[in-house]
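Trainee: Position chain B relative to chain A; hints supplied.
Those sequence lines, one after another, are chains A and B.
Residues 1 to 418 in UniProt numbering are what the first sequence lists, from first letter to last.
Residues 1 to 1171 in UniProt numbering are what the second sequence lists, from first letter to last.
It is worth saying that the hints were derived from the structure and are not from the lab.
Keep in mind that a hint or two might mislead.
What the hints assert, rightly or not - Simulated crosslink set (SDA-like; lysine to any residue; CA at most 20 Å straight-line):
#1 A:Lys400 - A:Val205
#2 B:Lys119 - A:Asp30
#3 A:Lys337 - A:Lys366
#4 A:Lys413 - B:Leu538
#5 B:Lys109 - A:Asp104
#6 A:Lys410 - B:Arg430
#7 B:Lys470 - A:Pro315
#8 A:Lys345 - A:Thr329
#9 A:Lys63 - B:Asp433
#10 B:Lys425 - A:Gly412
#11 A:Lys131 - A:Ser213
#12 A:Lys337 - B:Asp433
#13 B:Lys357 - A:Leu113
#14 A:Lys410 - B:Glu987
#15 B:Lys470 - A:Ala35
#16 B:Lys140 - A:Lys337
#17 B:Lys575 - B:Leu538
#18 A:Lys413 - B:Leu424
#19 A:Lys378 - A:Val205
#20 A:Lys21 - B:His223
#21 B:Lys135 - B:Glu106
#22 A:Lys410 - B:Thr432
#23 A:Lys337 - B:Arg430
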Amino acid sequence: MIHSLFLINTAGDLFLEKHWKSVISRSVCDYFFEAREKAVEPDNVPPVIPTPHHYLITIYREKIFFVSVIQTEVPPLFVIEFLHRVAETFQDYFGECSETTIKDNVVIVYELLEEMLDNGFPLATESNILKELIRPPTILRSMVNTITGSSNVGETLPTGQLSSIPWRRAGVKYTNNEAYFDVVEEIDAILDKSGTTVFAEIQGVIDACVKLSGMPDLTLSFMNPRLLDDVSFHPCVRYKRWESERVISFIPPDGNFQLMSYHISAQNLVAIPIYVKQNISFFETGSSGRLDITVGPKQTMGKTVECLVVTIHMPKVVLSANLNATQGTYNYDPVTKILLWDIGKLNPQKLPNLKGSLSLQSGAPKPEENPSLNIDLKIQQLAISGLKVNRLDMYGEKYKPFKGVKYVTKAGKFQVRT
Amino acid sequence: MTTMQRLLQLPANAVNMVKSVQGGSQGQEEALSPVLTPDSGPQNWYNAVQPEELRHLRSGGTGGGGEGSEDRPGLEEGLTSLQSQPLRHDDLKEMLDSNKDSLKLEAMKRIVAMIARGKNASDLFPAVVKNVACKNIEVKKLVYVYLVRYAEEQQDLALLSISTFQRGLKDPNQLIRASALRVLSSIRVTIIVPIMMLAIKEAASDMSPYVRKTAAHAIPKLHSLDPDQKDQLIEVIEKLLADKTTLVAGSVVMAFEEVCPDRIDLIHKNYRKLCNLLIDVEEWGQVVIINMLTRYARTQFLNPNINESLLEENSEKAFYASDDEEEEDKKDEVAPLAKRKPYVMDPDHRLLLRNTKPLLQSRNAAVVMAVAQLYFHLAPKAEVGIIAKALVRLMRSHSEVQYVVLQNVATMSIKRRGMFEPYLKSFYIRSTDPTQIKILKLEVLTNLANETNISTILREFQTYIKSMDKDFVAASIQAIGRCATNIGEVRDTCLNGLVQLLSNRDELVVAESVVVIKKLLQMQPEQHSDIIKHMAKLIDNIQVPMARASILWLIGEYCEHVPKIAPDVLRNMAKTFTNEEDIVKLQIINLAAKLYLTNSKQTKLLTQYVLNLAKYDQNYDIRDRARFIRQLIVPTDKSGALSKYAKKLFLALKPAPVLESTFKDRDHFQLGSLSHLLNAKAGGYQELPDWPESAPDPSVRNVEIPDWSKCTSRKDRKEKKAEKPFYSDSDGESGPTESADSESDSGSGSESASASDESGSGSESGEETESEEEEEDEEEEKKKKRKKHLDKTKAKKPVEESTESEQSSGSEERKRGRKAVKNQKSASESESESESSESGDESEDESEEESESDTDIRKKKTPVSKQPPKQSKKESKKETQEMSLLDLDDFEPAPASAPVTPVNFMSSSLVSDLEGLSLTDTILAPTTITPSGSIKMYELLHRITGEGLAVEYCFSRQPFSPDPNMVAVQIQFTNNTNSETKNLHIEEPRLQCGMRIREFAEIDVLSAGESVTVVMGIDFCDSTQAANFQLCTHTRKFFASIQPPVGELMTPVFLTENDFKKEQGKLMGMNEISEKLTLGEKCVNEHVIVERVTATANLSRVPCGSDKECSTPPPPPAPVYRFAGKTVSSGCLVLVTVSTKEGGRAQLTVNCEKMLIGTMLVKDIMQALSQ
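This is chain A alone, in the form it adopts within the complex (with noise of 0.2 Å):
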C-alpha cells in the first residue's frame, strides 16, 4: 500500500521522509516537482501522478504537499482519505499543521506515521487511540518533560485498540460532565447576475465536543429528521437505529469529533440570507473600470449576519482599486488580484456599499468577464435548513450531564455570478 511519504512545503524543499517499507530515493519527488511546475497554481497538481516505476499520490493541505509513493494498485481515494488523515491529525495534536509545528515537533511526528501505518495498511487513525500511545505536546508538559526527563510515550498500553467500541479511551473521568452539540449549516450557492439562484443547498454538519465519563450512550433526535436529504456518520453512530427510527444513537467518542455531516439538496428551497446588487464594467478606452457593490438582508429570519465578507479575484489586468467602503474597510492585493471587504456586521437599516474606480494595466484589452464574487457570512443561532434538535437523552451513566446545542449558519461556497 503506502510505500513512503514526504512532505514538501510551497517553495519545494522536502522537510519530511518516512519510509513504510524499504526506502525509496528522494529523487522520485523529481516527477512531483514537475508535475508542481507545469500546475502554475497548488491547487492544480494532479492528485495522481505515474511514474515509471511508482504513483505518486497527492494531497495539497495547509502549504504543504503530503506526496506519498505507492508501487502497486490501491484505490486512490483510500490513500488521499488516510493523508488526509494524517493532515488532521497533526492539527489535532499541534494545534496547527503547518511546516513549523511539523518540524518542532518531528519526533512526535515520525512517532504518530509509525503508529498510524503498518507496512503501509492503516494500523490506528482514531485519535483517542493515538492519544493513549503518544500523548499531543502541551506547554505544561513540554516543561515538565525537560525537567524529569519523563516522556511522551503513554506508559500505559493503549486498550481501546482491543475494545469493541475502538473510538472511545475506557476510564474517562470528569469533574464537569458536558455534552455540546454544534449544528453548523453551510450554504452553497451559486447567484447569478440578475439575483436569481442557479443552484442552492445545504451542507450540514453537527460537531460534537463531549466530556462525559464512563461508557455514556447517548441518543440525539430530531424534530424535523426528514428533513435530512442524505446523512454520513461517524463509525460511533448505529446506522440501524437511524434507519428505522430516524434517531442517532451512539456511543461517544471522547472529546471533539465530527458526528454527522448532512446534506439538504438542491431540491428544497433553500433561504438565501443576501441579496448582492453589483455592477462591475471595465471600459473599453481608458483603461479603467467601475464598481458598484451593495450587500442587503433578503431572508435571514430576523436574525443578524455577521462576519460578511466579499472576495473577488480581479482579472489580471487590473492593477489598483480606488475605492470607498460606507461600511467596513477593504483591500486590494495588487499581486494575487485579490479584493477583500470586510463588512462585518450587516445593517439593514443602512446597507453597506462599495464603490469606486479600478485602474487597469494600459494599453491591455478589457478583461472580458467580470470577476464573480464570493460571499462568506455567518448567522449565530439560526439553522437556516430549520433543522432543530429535539432532545439529547443519556443511558448507561447515573449522572446528569450538561447538554447544550449550538445552531450557525454560514456561507459555504457561495458565489454570486456577474
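Mentor: Then chain B, alone, in the frame of chain A:
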C-alpha cells in the same frame, strides 16, 4: 543461566566488539566527551555531514539508484579511513552509551530527526541497536523506528536485536507480543525468514485478536521479503480468514489481496461471515474487503442485468443511430435466451448488496467509493441509483477527493446517465474550482446532457466560456461541440454560438472553436458554406497550429463550396510553408493535392511548388507524404492504375467523427481503482472478471459446521426453532437462503456479544433491543417470584443433599484409602475412580493384575484400545445403579456420565495422610501423582440465574473416550426447584475457530431436588478461549461459557528421564521459558511441590532414574522435579522442570512448542508454588 539470557547478552558483547574496532583508531576523540566539550562536538558533526549531503545532492540530481546501495560503500569508507575523516556523531554515541535514559532519549530524538530529514544515520547502528532492550518505552520505540529504517542495510548487526523480539513474542501482555511481532516482521533481513515464519504461525493462533491482526499484517511483509514462503503463508491466511473477529478481518483480507488474490476458493467458506462482519470492521479494512468481494461476486454470481443490459445497449445504439439490422439480429438472439433463464438473484448476492448499503453513509470517502463501485459493478440496474447521492455528497470534500470521485462519476454517467441526472446542478462549476476539477465537472455535465436539459446546460456553458481560465474555456468549447454532435436539436444553435466565438479576442478560444466547428461541419457541410468562407478568412489571424490545420483541411475537403477562396489560401500558405508547424505542413500538402485534383488549372504550379518545398523538408514524414502524393496525383509514365483513382482516394466521402468521451469504456477497469483513474493497468491490478455464463455451485459457501452462530442472538431465543442435532450431516441440504439468514443472525449475535447489551454496536435495530429489554424485565420478575419459592423449598433440601453426599463420599473414601496404600495410580485412573465407583473398581482390578511397569505402558494404550470395552461395561453398570439411586423413570444411558458428585470427597486430613503414604511410593516406584485433594469445581450456572437449576463443572482429567483430542468436562446438574426439569441439552455452541464440542446426550428428566452428572468433550484447540454455548431446558435457555485453565489443556505423558532430556533439547530457544521464584512457605518438601504442580496442570511426574537427583536421604542436595504432558488437541509436548535451590528458591522451566501455553503455564505454576 538459560539460553535466553545468554542470547540477551549477545548484543551488548557484539556491540562492544564493534565499538572496539572503531574505537581503536580514534580513542582520543572518544575520550573527549562532546557533551562536556561542546566545541568539538558540533564541529565533528558539521565535517561529517557535509560530504554526505553533497553526495545526496548528486544522487538526487541524476535521479539514479536508491540511497541504500550508495550508502554502503560510503560507510565502509568511513570505517576504513578513520584517521583522515573524524568519525561522525561521536556525541550521539556517547549519549547512547550513557546510563541515563534522558540522555539516550535526547540522542534518539536527534537521530530520528536526522532520519526524518533524510540524512544518513546508518553509522550509528551499533550504538543504537544495543538500546533495543532499554526499559524506557520512548527510547525503545525510537530504537524500533531506527531499526526498521536501517536494518535492511546492516543485516548482520540487526540480527543482534532479534532475541529481544523473540522474548517479546512470549510476553503475557498481548500488546507487547503484537509490537514485538510487528517490529520483527518489519526488519527486512532475509536470514530471519524462518523465525518470522514461525512467529507468524504462532501469532496466528494467539488468543488475542490483536496479535492475530498483527500476524495478518506481517504476512505481506514476509511475502515481499521471501516470495518462496507463499505456500506456507497461504495456509496462515486460510486460517486467519476463518477468524471471527472484526479486528482481524480487514487485515487478513489485505494480506490475501497482496499474497494470493487469485485464490478465490479460500473465500467461499468465509464469504457470508465477511459480509456480516463488514459493518463493524474498521474503515480501512472495509475498503479492502469490499473491493475483494466485488471481484468475488463477479466470479460467483450471475449478471443481474442479464436481460436489461442487452436492451440498454440496444437503446443506446438506437440513440446514436447506428444500423438497425444488426440491432434486430441481436434482439432475436437475446430474447429467447432471456426467456429461457429467468433471472433469480442468489441470496448471497443479495446479502452482499444489503450489508454494504449502510456503508454509503460512512464518513470515509474511500469506503463510500468502494460501496459505490460495488453497486455499479454488481447491483441490478434499478438499484444502482442509490449510490449517486452519496457520491454527490463526496464532492463537498477536499479537492483531491473530488478529483477522484468525479473521474468515477464521469465513467458511471456514460453507462447510467439517469442516475446522476437529478444531481445535475451539483456539477455546476464555480470560478474558484481548480482547473482539473472544472474540466472533470464539464465532462460529467456533457455526459448528462440530453434533449430535456440541454438548454440549461448550454446556458451554463455560456457562462463558462467567459471564464478567465483559458484551459477551461477550451474544454467548454469542446463540450459544446460534443453536445452538438450528440443532440441533433441543438446542433445549429451550438454552431451559431461557436461561430460567434470565432470573433473572440482570445486566440485560444478561436482556435478551439475552429477545431470543434470543423468537426461539426463535417456532419452537414452543404448548409454551411458561409461558415467555411468565414473560417478561410481567419487563417491569416490564427496562429495555433491545430486550428490552422483544421481550417486548411476544411477548405480542402469542401473546396467545391469555396472555389474562389481556396486557391488563394493555398497561395498564401505556400508562401509561409517553411515556417509552419508539421501538422500544418501536412495539411497544406493535402490541400494542394485536393485542389490539384479539382482545379488543376489554377493550382498546378502552386502544387508543384509546395511539393518541391516539402521534398526538402527536414521531417521525413512530410518528405514521404510529398513523394507519395506527387506519384499519386501527377500522372507520369510509371504511375500505374492508382493515379486514376486519386480523386476517389482524396475526395471520398468521409464519415463524420463521433465526439466521444475519454471516459467511455473505462468501466472495464474496476471503478475506484488506480488503474481506472490512470486508464492504464497498474502493477498488481486484479482484473474484474466478466460475469460467468452460468452460476458456479452456490453450496460452496455453505458452512458445514453450524458454528458459533445464533448463540446469543436473542431473536433466536424467541423463535425457538427445533434444533437439529449438532453433528447432523443434513446441514448441507439447507438451502442457501436459509443458511444465509442464519448467518446474518449470527452476525448480529456476535455484535451484541461484543458490546454490552445497551451499547450494542448498532447493528441490531432499536426496536429489537427495546423488546429485549422488556423481555429481560419480565424475566427478572419471574426470577423474583421463583426466588421466593425457592427459599421456601430450600429448608428441606440441605438435609437431602447432605445425606446423599455423605453416602457417596464415604464409599469413595474407603476406596481411596485402599488404593493409596497399594499404589499410586495414573492420574486418569484415579480420577475415573473419583467419578464412578464402578470404573474405579475395575481399574483397580486391572492394576492389581498388572505389574508396576506395565501400568505405564498400559496407560498409553488405554485411550485407544482399552477404552471402548471399559466404556460399555461402565455404562451398563451405571445404568442399573443410577436407576436405583436416582429413581428416574426412563433414564437413557449417557456416555461416560457419572452418577454422583465428585466434590470434595476427601476430608483434608485424609489428604495429608495419603500424601504421606504416597511419598514413599514415589521413591520406590515413581509414577504419576494425581492431584490429590479436591478437584476444583467451577460454576457454570448459578442457582439464582438458572432459576433453580444449578450447574457446576470440573475438569475430570480423564481421557475423553469418544475423541482423544478433547478435554473431558464433567458437568453436574442440580435441580433445586420443586418441579421437574426436562430435556436438558446443549444448543448453539459458539466457538472460536477450530474448537469443537461433543455434547452430552440429552437428559430427559431431572426431577426436583436431584442431581445428575454428565461428561462432555471440548476440543479447545490448545487455547484458553472460552467455549460458549446455550444450556437448554424444556422452558429456558441459559448462556454458558466454559473457560479452561491452561493446565487442563494437557494430558500426562510418560517419559523417562533420558527421553525427557532429549525432548527438552529439541525445545530450546523460543520454546523455552524459565523463571526464578521463591517457593512459598508451605512448599517445603518434594511432595508438596509435586502435588502443587500436578494440581495446577494435568501432567505426570517423570521418574528420576539417577540417584543423584532423587536419592533416599532427604533432603537431596538439589532436587529437580520433572513433569511431562502433551496438549490434548495437538499433542505438543509440555515439559516442566522445577529445580529447587537453597533458601527456598527455585527455578521453573517450561518447554513447549506452543509458546503461549508455555507462558501461561509458567505463570500458573509459579503462582501455585509461591503460595
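Trainee: All hints are to be evaluated individually against the structure, with a verdict given for each.
Mentor: For each hint, the structure was consulted:
no., hint, verdict
1, A:Lys400 - A:Val205, "26 Å, violated"
2, B:Lys119 - A:Asp30, "18 Å, holds"
3, A:Lys337 - A:Lys366, "15 Å, holds"
4, A:Lys413 - B:Leu538, "40 Å, violated"
5, B:Lys109 - A:Asp104, "12 Å, holds"
6, A:Lys410 - B:Arg430, "18 Å, holds"
7, B:Lys470 - A:Pro315, "13 Å, holds"
8, A:Lys345 - A:Thr329, "12 Å, holds"
9, A:Lys63 - B:Asp433, "17 Å, holds"
10, B:Lys425 - A:Gly412, "16 Å, holds"
11, A:Lys131 - A:Ser213, "17 Å, holds"
12, A:Lys337 - B:Asp433, "17 Å, holds"
13, B:Lys357 - A:Leu113, "32 Å, violated"
14, A:Lys410 - B:Glu987, "58 Å, violated"
15, B:Lys470 - A:Ala35, "19 Å, holds"
16, B:Lys140 - A:Lys337, "52 Å, violated"
17, B:Lys575 - B:Leu538, "17 Å, holds"
18, A:Lys413 - B:Leu424, "17 Å, holds"
19, A:Lys378 - A:Val205, "15 Å, holds"
20, A:Lys21 - B:His223, "13 Å, holds"
21, B:Lys135 - B:Glu106, "15 Å, holds"
22, A:Lys410 - B:Thr432, "18 Å, holds"
23, A:Lys337 - B:Arg430, "18 Å, holds"
Hints 1, 4, 13, 14, 16 from the list above are not met by this structure, while the remaining hints are.
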